[in-house]
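Student: Chain by chain, the residues run as shown.
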Amino acid sequence: MSTTEFDLESKRLHIKEPETRFDRQGDLTDDERVTKAMAHFAKNFGTTAAAYLDACVHCGMCAEACHYYVATGDPKYTPIWKLEPFKQAYKREAGPLAPLFRMLGLKKKVTIEQLEEWQHLLYDSCTVCGRCSLICPMGIDIAALIGMARHGMFKAGLIPHELHAVAERAHVDGSPLGVTPKSFEDRVEWMGDEHDVKMNIDQDQADVLAVMSSIEIQKYPEAMAATAKILNAMGESWTFRTDGFEATNFGMMSGNTDWQKETSMRIIDAAIKVGAKMVLLPECGHAYMALRWMGANIYGKPLPFKVQHVSEYLADALNSGKLKVKNVDKSVAFHDPCQVSRRGGATQAPRDILKHLGVDHREMENGGDYNWCCGGGGGVVTINRANELRYKVFELKMEQVEATEADALLSSCANCRQTFDDGQEHFDWKYTAESLLELVAENLEEDDA
Amino acid sequence: MDLLEFARGPALQVALYIFIAGSLWRVFGVLMLQRKPDHSEARKSGGMGGALKVIYTRAFTAPAFKKATIYPKVLGYALHVGFFAVVFLFIPHVVFFKGLFGVSWPGLPNNVIYFIGVITVGLGIAILIRRLTNPVLKLISNFDDYFSWFVTLLPLVTGLIIPIRFGIRYETLLAIHILSIALLLIWFPFGKLAHTYFVFISRGTTGATLERRGAKT
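Which chain is which? The protein sequence lines are A and B, in order.
Just so it is clear: in the first sequence, position 161 is 172 by our numbering, and no numbers are missing.
Just so it is clear: in the second sequence, position 86 is 662 by our numbering, and no numbers are missing.
Simulated from the structure, these hints should not be mistaken for laboratory data.
Just so we're clear, the structure is a prediction, and the values are computed from it rather than from any experiment.
There may be inaccurate statements among the hints.
[Unchecked claim] Computed, partial: chain A to chain B, Cβ under 7 Å:
{"no.": "1", "residue": "Thr59"}
{"no.": "2", "residue": "His69"}
{"no.": "3", "residue": "Thr83"}
{"no.": "4", "residue": "Pro86"}
{"no.": "5", "residue": "Pro107"}
{"no.": "6", "residue": "Ala109"}
{"no.": "7", "residue": "Met149"}
{"no.": "8", "residue": "Ile151"}
{"no.": "9", "residue": "Ala307"}
{"no.": "10", "residue": "Gly356"}
{"no.": "11", "residue": "Asp380"}
{"no.": "12", "residue": "Tyr381"}
[As the list claims (entries may be wrong)] Chain B regions said to be covered by chain A (calculated; three or more residues, Cβ under 8 Å):
{"no.": "13", "segment": "579–591"}
{"no.": "14", "segment": "637–650"}
{"no.": "15", "segment": "666–673"}
{"no.": "16", "segment": "696–703"}
{"no.": "17", "segment": "706–713"}
{"no.": "18", "segment": "777–784"}
Backbone N, C-alpha and C define an ideal beta-carbon position, used for all residues, glycine too.
Please model the complete structure; the sequences and the hints are all you need to start from.
Tutor: Written as structure tokens, this is what we have:
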């Protein structure tokens with residue numbers, strides 16, 4: 012399929028810029044698109060969304076938290092403005108005062124032109140990093156609302172070409188970036204041989220089901236070896252599964268809740284099949300949000316297993332003394348993946364790991380939960396037309412990292428890492444983000460034995 | 577019935593009814609919507625504790641955002657404090673509330689209230705200027721923002737005019753003041769002034785959800 016031709020040579024794994032962009036999907040009429048967008052945004056209307064939309068006082072402070080506004084000074088990047096058509100539709104169609112708004116003509120009907128313009132604001136210029144959610148004096152979780160608006164946009168067939176292409180690929184193949192069960196198996200074997208580490212794949216029973224991000228499988232396969240090495244060192248009964256290996260969830264990022272569910276269910280089903288007590292999530296930010304915090308809600312009941320990000324697993328293993336690491340003599344800065352730290356609550360885990368590694372950890376100014384996003388989250392890194400803007404916001408990140416004067420930069424998200432790799436190449440920058448997991452795996456104490 | 581009788585009587589009464597009914601409609605219209613249960617394994621307890629925590633903590637600004645938001649925050653807080661001081665601590669208002677609720681509390685000397693009133697109007701003007709000139713606010717503002725500003729400031733201005741008189745009868749000025757309050761009460765539930773209620777629901781919802789995850793709130 013020409014629309015999903017991957018550029019495997021590039022620093023970021025993405026589909027090549029299409030000759031003709033299709034930023035409208037399907038053959039709905041304009042009116043149908045508007046109706047669908049609103050209906051599927053409104054589908055999420057529980058008390059939560061409604062209270063958020065009713066609480067906004069238009070103070071504009073969220074702009075100051077958004078890397079797109081701060082980097083460009085353009086007011087259209089004000090986070091709450093990114094929701095304007097949906098706010099308008101809520102007040103006009105769904106809110107408690109909707110009849111009044113319609114009668115008095117206080118809110119106009121949303122138009123297709125508006126929605127097309129907002130595609131840029133909801134996808135190209137929002138990484139759903141949630142920094143705005145922390146500044147809002149009304150406590151509105153703006154990032155959550157963006158996710159809901161994306162549901163509407165997907166149903167309306169109004170999402171960026173590339174994001175649709177990779178999400179569709181994940182729906183068809185089970186993986187967004189060209190990985191198939193067979194190629195996954197081949198790469199697992201290859202890494203096992205290359206690093207002389209025992210790989211477990213398609214075991215019938217296992218306590219731990221390890222899943223990977225296709226960015227790792229394709230671009231950073233050492234992560235698979237590192238994961239195996241650590242699980243082996245811990246003496247875990249574990250497995251990779253070809254029927255549930257993909258941790259990324261482009262259904263979630265693009266806004267297709269059906270595809271989101273399908274992707275999550277592959278992992279959930281595989282974990283149940285092997286009787287897993289835990290699903291170990293890889294270094295991937297949004298995968299953590301998708302399974303750790305949304306997985307059970309998609310499943311409709313509590314998951315019959317624990318879900319941990321690999322940094323949480325490592326922190327527990329090191330804190331309990333089950334895993335030991337050698338001292339690493341260098342200074343490092345750590346880039347928190349937004350969905351794991353700020354949005355996911357696992358901010359302390361990497362800090363514990365760094366302490367055990369004995370590195371000189373240099374916390375960035377306003378780091379941790381207030382960290383600037385790398386600019387690649389929320390699917391933005393896949394969108395070719397968003398590159399220039401992405402580089403602009405990346406400069407904020409560069410300043411934050413450079414101020415630490417650390418020897419190296421680490422992170423625990425493959426998507427952040429590829430965004431850093433791409434930024435490094437673009438700016439000829441001295442840093443890129445290396446894997447925290449791999450650093451641990453390279454420095455396991457058993458290596459000395 | 578003269579203007580003052582009308583203002584004090586039916587006007588204020590109808591305004592109060594609209595205020596109460598409108599507020600209930602707006603708040604329950606939101607609270608009655610569905611709430612989805614969260615099945616994810618909690619890291620920390622969220623619930624009411626998380627909600628109350630964030631209702632309190634979000635009154636403060638995180639250090640990372642202090643520099644960028646100090647001016648509007650100071651203006652906003654000062655306006656709220658000034659407004660509430662004038663409403664609840666002006667002795668004639670205290671007497672009015674005693675008549676309404678049967679309880680009374682100490683007030684501040686009239687001159688102090690006049691001073692606070694003037695400052696509060698000044699703050700309101702500064703807030704309006706900011707809204708009209710700041711590119712972000714200019715873009716995101718709508719009718720509600722300006723009209724809510726107008727109906728909030730109007731009772732302050734009409735109240736401050738009373739001691740000055742401008743040659744107008746006291747009764748007329750008082751009637752105008754009361755009518756401006758009626759307008760505020762009528763608009764209150766329908767526009768952004770309802771943040772008075774929604775600030776708690778919104779902060780509480782975020783608190784309950786994100787505290788449960790152990791995420792930053």
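Student: Run every hint past the structure and note whether it holds.
Tutor: Hint by hint, here is what the structure shows:
no.	hint	result
1	Thr59	holds, 5 Å
2	His69	holds, 5 Å
3	Thr83	violated, 11 Å
4	Pro86	holds, 4 Å
5	Pro107	holds, 3 Å
6	Ala109	violated, 9 Å
7	Met149	holds, 5 Å
8	Ile151	holds, 5 Å
9	Ala307	holds, 4 Å
10	Gly356	holds, 3 Å
11	Asp380	holds, 4 Å
12	Tyr381	holds, 4 Å
13	579–591	violated (count 0)
14	637–650	holds (count 9)
15	666–673	violated (count 0)
16	696–703	violated (count 0)
17	706–713	holds (count 4)
18	777–784	holds (count 7)
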